[in-house]
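J.: Protein sequences, first through last, are from chains A and B.
Counted the way this note's numbering counts, the first sequence spans residues 645 to 991.
Counted the way this note's numbering counts, the second sequence spans residues 8 to 368.
If you are wondering where the hints come from, they were derived from the structure by calculation, not from laboratory data.
Among the clues, some could well be false.
Taking beta-carbon pairs under 8 Å as the criterion, some of the chain A residues facing chain B (in silico) [stated by the list, open to error]:
{"id": "1", "residue": "793"}
{"id": "2", "residue": "796"}
{"id": "3", "residue": "820"}
{"id": "4", "residue": "823"}
{"id": "5", "residue": "825"}
{"id": "6", "residue": "932"}
{"id": "7", "residue": "933"}
{"id": "8", "residue": "936"}
{"id": "9", "residue": "954"}
{"id": "10", "residue": "958"}
{"id": "11", "residue": "962"}
{"id": "12", "residue": "963"}
{"id": "13", "residue": "981"}
{"id": "14", "residue": "983"}
Positions of the beta carbon are idealized from the N, C-alpha and C atoms, including for glycine.
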Amino acid sequence: MFSRLLGFMSADMAIDLGTANTLVYVKGRGIVLDEPSVVAIADVRGKKQVLAVGEEAKLMLGRTPGNISAIRPLRDGVIADFEVAEEMIKHFIRKVHNRRGFASPMIIVCVPSGSTAVERRAIQESAESAGARKVLLIEEPMAAAIGAGLPVTEPSGSMVVDVGGGTTEVAVISLGGIVYSRSVRVGGDKMDEAIISYIRRNHNLLIGESSAEKIKMDIGAAAAPWDGEDGPLRDVKGRDLMNGVPREVLVSQRQIAESLAEPVTAIVEAVKVALENTPPELAADIVDKGIVLTGGGALLYRLDEVLRNATGLPVVVAEDALQCVALGTGRALEEMKRLRNVLSSMY
Amino acid sequence: MMSSYDDEFRTGSVPSAARVGADLRAARERLGWTLADIAANLRIRLPFLEAIEEGRTADLPGNAYAVGFIRTYAQALGLDPDEIARRFRAEAAEANRKTELKFPAPVPERGIPAGAIVLVGALIAVAAYAGWYRMSGNSRTATPVVQTVPERLAPLAEKPAPPAAVPKTQPPAQVKVAEGPEPAMPVVLPSSAAAAVAPAALPPAPVAAPAASAPLFGPPAPGTTAVPPVAVATAAPASVPPGTASASATPANATPASATVKPEAVLGHIVLRAKSDAWMQVREKGGQVIFNRVLRAGETWVVPAKPSLLLTTGNAAGTEILMDGVSSGPLGADGAVRRDIPLDVEVAKDTKPVAVPAKKS
Chain A
645 MFSRLLGFMS ADMAIDLGTA NTLVYVKGRG IVLDEPSVVA IADVRGKKQV
695 LAVGEEAKLM LGRTPGNISA IRPLRDGVIA DFEVAEEMIK HFIRKVHNRR
745 GFASPMIIVC VPSGSTAVER RAIQESAESA GARKVLLIEE PMAAAIGAGL
795 PVTEPSGSMV VDVGGGTTEV AVISLGGIVY SRSVRVGGDK MDEAIISYIR
845 RNHNLLIGES SAEKIKMDIG AAAAPWDGED GPLRDVKGRD LMNGVPREVL
895 VSQRQIAESL AEPVTAIVEA VKVALENTPP ELAADIVDKG IVLTGGGALL
945 YRLDEVLRNA TGLPVVVAED ALQCVALGTG RALEEMKRLR NVLSSMY
Chain B
8 MMSSYDDEFR TGSVPSAARV GADLRAARER LGWTLADIAA NLRIRLPFLE
58 AIEEGRTADL PGNAYAVGFI RTYAQALGLD PDEIARRFRA EAAEANRKTE
108 LKFPAPVPER GIPAGAIVLV GALIAVAAYA GWYRMSGNSR TATPVVQTVP
158 ERLAPLAEKP APPAAVPKTQ PPAQVKVAEG PEPAMPVVLP SSAAAAVAPA
208 ALPPAPVAAP AASAPLFGPP APGTTAVPPV AVATAAPASV PPGTASASAT
258 PANATPASAT VKPEAVLGHI VLRAKSDAWM QVREKGGQVI FNRVLRAGET
308 WVVPAKPSLL LTTGNAAGTE ILMDGVSSGP LGADGAVRRD IPLDVEVAKD
358 TKPVAVPAKK S
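Isolated chain B, as found in the complex (with noise of 0.2 Å):
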């Protein structure tokens, strides 16, 4: 036999159906006939008869021939045909193993298998969301955090800039516009807000705040709006081209000038200051996070004049609002937490007193 089920069939080595062929046998050599008789009148073949009597399930062709040729067999001898079939089922595992079909399939034509295009695609979906994820998600970004320099580490930070202050002219309030980051930082810390401000003898740090930040945070007041976004910008390069003296001299005269007009900028102004550590987050109205920091304890921050702000702070007894420099006191208790306060000028104004205790959380 040459067909490839038999090489299936081999795989079943031990002759597992010998005790029904025994009984075949048995039951034939009573009957006093040979395997030849048998095979010329059932016209199996005699290996065929040999395998079934020695129990070799392997030599016979199939499955469903097998079983056949059995019953024919047993018939033949004279015994029930279904219950020998039974038994060599029950006896040898293969036959009742179902007859696997398998139709010959056509080879595919094309070489890339569908699973891989499938996968492929998959990929260049993946990759093309996060593209235009990452493109469209600039705006959605939010607003950076840049921390201050703590207190420890500002002389480090001041170091670069001597250098770049090529003119010993400047006063120190030059050395604290070239400071990169720190311009910024509508934040200004108590010790460098009062280098910045001591030699133009102004008021307390939250009126020097808004002169280096306002430009950052749309107009201030109108006296300062054209000269400090110069300042802020032509400070640092400028310090060291051959021009150095005309430029130097803009953020040295822009500083006083804008000192001056500070008072004037405050006014109508809210100022939030930390009596101690808390974080506070100033939003406007349609969800934009403009501010989002913890105050350490003394630092102030002014609040940009655009309508519809809200403060949300995380320590209400360390907060005051500031306004026109009038505080208006703590906003509750010690390490409460008090949500969607109005920083508008005007509602703050008005219901200041009254909201503090009424916006309770």
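Just chain A, with the same shape it has in the complex (with noise of 0.2 Å):
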């Protein structure tokens, strides 16, 4: 009844809840916010206080002194810190609600499909505890299919891969369901994992996670230019292993392509496997209408290419790629009484 009443004077709202950024969709508002998924905590005389969160915490990622952490709270597609993941979700309802006390929204938050119920149970309270009224699950392959303006209802297959931050997930959809999908922990954070191990390796040097990011996105490629060239270059900025002092070298976009290997190629494995579990009937109708790449991974320089040729279906990559998990969460806030079978709970 209390409740009911607090609702009265919140927008409801849906969380995208990614590893590297988090989409807040208000319902009749459209994507308000699109913020860093980072919380920075200062240790005020032993009490933890937030600090910033999102840009502005982005910022003081691995620039921070000893009383201050930059963290991520979720790792993988799931949350790695409760706290703070409550901190960052209660934040953005306040942020929302232009710093209204008593918001209590209703949430729909989406979850990787391959999270476990202790996983989406955990994302679930965090989203209650940080003051909503009530909270909803949707599964982000579905959400990103949502968003991506599938026919998700129709009885015929729709393949749609999503590339996030944490994870990849890969999911074939008919009649409103999800048919096969699979999720691997690959995703731009093992690309910029990948970037930086393999930087240290051939140059001796040491960069960090958004420094790996920039680079990702300036020259990142799935696959390395044709013929033989070395394509675009750029400089990076780090520490020498060698004799400890900062340096800068120059990479090539062949360099990067090279070191993107390995996560591209788990990516291309996810998804031949998928397709291998794929039921004939849409497996045929994948073959007509192809792979949809959603995500920010998805914006990889030629990674629709490597996908197309290793599965020589046709590969398109979904207009706004980067919101549509957080468009197809809020479609489903907005439409929640049609795709109420796509939600769900934990209780």
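Make one complex out of these two single chains by using the hints.
T.: The following block contains the structure:
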């Protein structure tokens, strides 16, 4: 009764709680927030306090003194630090409600399809303790497919590959349900790590996560350029491992593509395994319509081409690939009655 | 393509995205590629590429896929995929349509739809209420007002009576009693009153009235109570069967009997008299209306002996209150409305001369 009253004053939200970025969709307003999933916590006389959340906190990542820690509360698509995740959700709720204190919205959060019941429960509980009146969960590949505008309720197979920050979700969807799904813990983060270790190995230079991410976004590619060229070049700065001084090296797209081979192969393998497990009728549909790539990883240069060559299927990148999951979750929020089949709760 | 959304898409008849398709074709031809090359390279099936170039959006699978193919194709040709997709959306109206999501719902097991149950339930509730209202509403209905038989119809009303009144020896009073609704009338028409009273050689109308009407309005003066009810009840039916002689004798006897008592009965009674046409209402203090109609000029109505009765009149000048035969005089100006004049015997006695001017509303 009381919670319903509070709900009257709050805007219902759909949250794409991603490893790298958190997007918030507010009912009737669309996507209002797109911030990195980073929280900076300050230790003030033994008491932990939130210093910054989002973009501001991301700048602190890897640059903090002893009493401040910039934390990414999600790893591999699931909550790694419960309390910090709760603080982050709390911050987003407040931000959406213009810091009105007593907002108690209904929240739809997406979870990786491969997450365990414990992990789902953790996400649901952290959203609840952050002040949500009611929390519903939606599986990420379903949200991505809805967000990409695929006809998921048709009796026809659609394959969606959502390459997120922490996980890659491959799913075959038909009649409004997931026929087969596979989640591998490879995503943008693994690509960053691959770049870091490649540069450390080949250039004896240690670079930070943010630098690696920047390189990936600039010149990252899933496949080396054609006809033996090196492709575009970028400076990358870090600490020399040999003599410990800061240094800068020049890396080429070919090198980065080489470094990304491993995570890209893992994604390709996941897609192949999913295709192997797809019932033949749905496989026939997928031959015609192909695979839709969503998520930030889908923007990796030539990833669609690599997948196309590996599978022999048409592969297209969805429009607004970064926002697909948030848009799909938001649509589930807007059309709650019609799409309640895809929503679940751990209770 | 066999899937159902293709049918949906075919409704868009005219190839509306032809210009984007033509641009794509021009770009492809400039690069010197054939459609088959593109199809092999992008793995998009040749019929779909042809449909894109010819602007046949209906032949493309689904909305999201069509846009995806066009973006991929544009990118392969070195065009800006976002710009081409935007133009495609602008030109092909179907591409803007949001994918309809209709989840397969199980067929409801119950035959009766919920709406019908609700409707039937509502009807039953309404019927139950109406029934209850009707059953319990009897006590609430206002006192039925029976109009007097107008003077010109009086002969007609009296006509059926003579055959009923078999014994010819009956005085006109008998006829009057047998008139069905007439006894119920507390008001005695001047003419019929005269008819009823004349043989009994009684004082004028106001005095005759209580004899006929008293039983209906509670006990009048003690002497009259027992006889008149019998007279009224038995007169009509009793006149036909063989035992008429004795039965009809009763009213005949009764009438003079009551007539003789009348002077006493009238004592302590209040009679309303209309000098000109006036609407009058008499009700108990509790609110129950016991008299409510227009008194014609010259008509009278005997107020039953009940405590705390209130009179409301629509024409104060035309209304007279007769207290034991003594008139109070007009109650007010012509056409003036006076409300809640107490008709208590004691109160009236005491207050009347004072109340008349004082109670101007």
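J.: Confirm or reject each hint.
T.: Each hint, compared with the structure:
1. 793: Hint on residue 793 of chain A: holds, closest Cβ of chain B at ~4 Å, below 8 Å.
2. 796: Constraint on residue 796 of chain A satisfied, holds at 7 Å.
3. 820: holds, 4 Å
4. 823: At about 14 Å, which exceeds the 8 Å cut-off, the nearest Cβ of chain B leaves the hint on residue 823 of chain A violated.
5. 825: violated, 18 Å
6. 932: Given a least distance of 6 Å, the restraint on residue 932 of chain A holds.
7. 933: This hint holds: residue 933 of chain A lies near chain B, its Cβ roughly 5 Å from the closest one there, short of 8 Å.
8. 936: holds, 6 Å
9. 954: violated, 11 Å
10. 958: holds, 5 Å
11. 962: holds, 7 Å
12. 963: Since the shortest Cβ distance to chain B is 6 Å, the answer is holds.
13. 981: violated, 10 Å
14. 983: With a minimum Cβ separation of about 6 Å from chain B (threshold 8 Å), the hint on residue 983 of chain A holds.
Violated hints for the displayed structure, listed by number in ascending order: 4, 5, 9 and 13.
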